[in-house]
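Asks: All chains should be built: construct the whole structure from the sequences, respecting the hints.
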Amino acid sequence: MSELGNIEPRTPNVERRSAVAVLAWIKNFFDYLGASREEPPPGASFLASPLWLGIWWGVLIGLILLFCGQTSKFIYIDF
Amino acid sequence: MKKRLFIPVAIALVILVAYNVLIAFAAKKTQRQHLLNALNHLPPSTDCLFLGNSLIEAGCDAGAFESSWSQPSSTPTAVNLGLGATTPVEHYLILKRAFEQPVHIKYVIYGFFDDQLNAAPDGAWEDLIGNRAFSYYFPKEAATFYTPNSRLGEWRLEMTERVPMLAERSSLWDRVELLRRQLDEIGMPKQKVNRFGRVGDFDALEAKDVPSFVQRCGAIVKVRKGFSPPIQAMIDLAHEHGAKFFFVEMPMSPRHRETFYSLPVWTEMRAHLQKLAQAQQATYITASDWVRDGANFEDTVHLNEQGARSFSAQLGMALSRMTVEKTNRLVAARDY
Numbered sequence: 001m002s003e004l005g006n007i008e009p010r011t012p013n014v015e016r017r018s019a020v021a022v023l024a025w026i027k028n029f030f031d032y033l034g035a036s037r038e039e040p041p042p043g044a045s046f047l048a049s050p051l052w053l054g055i056w057w058g059v060l061i062g063l064i065l066l067f068c069g070q071t072s073k074f075i076y077i078d079f
Numbered sequence: 080m081k082k083r084l085f086i087p088v089a090i091a092l093v094i095l096v097a098y099n100v101l102i103a104f105a106a107k108k109t110q111r112q113h114l115l116n117a118l119n120h121l122p123p124s125t126d127c128l129f130l131g132n133s134l135i136e137a138g139c140d141a142g143a144f145e146s147s148w149s150q151p152s153s154t155p156t157a158v159n160l161g162l163g164a165t166t167p168v169e170h171y172l173i174l175k176r177a178f179e180q181p182v183h184i185k186y187v188i189y190g191f192f193d194d195q196l197n198a199a200p201d202g203a204w205e206d207l208i209g210n211r212a213f214s215y216y217f218p219k220e221a222a223t224f225y226t227p228n229s230r231l232g233e234w235r236l237e238m239t240e241r242v243p244m245l246a247e248r249s250s251l252w253d254r255v256e257l258l259r260r261q262l263d264e265i266g267m268p269k270q271k272v273n274r275f276g277r278v279g280d281f282d283a284l285e286a287k288d289v290p291s292f293v294q295r296c297g298a299i300v301k302v303r304k305g306f307s308p309p310i311q312a313m314i315d316l317a318h319e320h321g322a323k324f325f326f327v328e329m330p331m332s333p334r335h336r337e338t339f340y341s342l343p344v345w346t347e348m349r350a351h352l353q354k355l356a357q358a359q360q361a362t363y364i365t366a367s368d369w370v371r372d373g374a375n376f377e378d379t380v381h382l383n384e385q386g387a388r389s390f391s392a393q394l395g396m397a398l399s400r401m402t403v404e405k406t407n408r409l410v411a412a413r414d415y
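Chains as they are written, first to last, in this note's numbering: chain A, 1 to 79; chain B, 80 to 415.
It is worth saying that the hints were derived from the structure and are not from the lab.
In this text the structure is predicted, and so the values were computed from the model without any measurement.
Beta carbons are placed, not taken as given, at the ideal position from N, Cα and C, and that holds for glycine.
One-sided and incomplete, this derived list gives chain B residues near chain A with beta-carbon spacing under 10 angstroms:
#1 Pro87
#2 Ile90
#3 Ala97
#4 Tyr98
#5 Gly209
#6 Val255
#7 Phe281
Partial list, computed: chain A residues near chain B (C-beta under 8 angstroms):
#8 Leu53
#9 Gly54
#10 Gly58
#11 Ser72
Here are the simulated distance ranges between beta carbons:
#12 B:Thr365 - A:Thr71: 34 to 40 angstroms
#13 A:Glu38 - B:Pro308: 54 to 60 angstroms
#14 A:Phe30 - B:Asp372: 55 to 61 angstroms
#15 A:Ser49 - B:Pro308: 53 to 59 angstroms
#16 A:Glu39 - B:Lys271: 51 to 57 angstroms
#17 A:Ser18 - B:Lys107: 49 to 55 angstroms
#18 A:Ala35 - B:Ala298: 48 to 54 angstroms
#19 B:Asn228 - A:Ala35: 43 to 49 angstroms
Replies: The structure is reproduced here in structure tokens:
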């Protein structure tokens, strides 16, 4: 019995394995968003829904339009 | 399958429409929209207009101009319609709108610098941002200068004008640029800014160096190039409405005058411009050295408030003297 009572202390290996799993999930999540993976990662099936896709495309188009002016010469700024 | 494609496309379109609405709202607060609003509500007593880019916007103080008029009974009511970062095409559109209002304008005072009066109008996609989006408000008229005799060019401006995220695209880019500048300055010394932008950026408005200035002005003088089409159109418009047109060589900082205006090519250029103005029954006023102290400028080209007051008072005195002299000459000729 440890000082923590019934809670089993985690070994470094278990922590590493779960961290790797989380990182792999995040990687798969972004891979799917970036269209380099066919299937969404487990637990993120909402990413495949048409509703989410529409929002995602709209937000992306909006962000592109918002930030695509950086090559313009902004001498005057309309404060 | 159709549903899977249709729903996302429809949602993306809804977001785009929302983006357009957001831009349309953001654009309502811009200087060009404020100016358009001011144009539509010009005081009926207005009889004198200041017209031009930020040199006029910053440099003309209507109050100081009016109070320095030598004959109080004939003091004009002046309105400053200067708009920063614009070209003669936008100035023509502003003037045309002003003449459509129920006012009787007697004097149009147009401020300029360097080769602004002869430069060809440029209205490419990348040029019409910021206050130059004013051109999109009147696409047909603007197209006659940018793409003369081209139905396609006119159509392009008309179509762009209907979509806020295209016509007013820079309304939100300004905000992004300000954010970018704030991020740039983290941990760095703050850059000096004034009401128009970063002070250092305005060096870019001057010619790159003396050879390029000589080359630009020399080419105009050599071929005896006339006024650019929008400048000519402004003069014609003023004369059609019985207004007198004044060209004012705007006050320049000591550095600009010493570097560029002391060159022989500028003396030739000025003589050429004066001849052109005379041929068009317009008056040319050389005011580039009226404000000699560099402390009266807020950057390389713009007058500060104190400089604007001093310049406008001198301009008011000069114009009132000219009109009195002309009236006296007319009276003398009639009596004779």
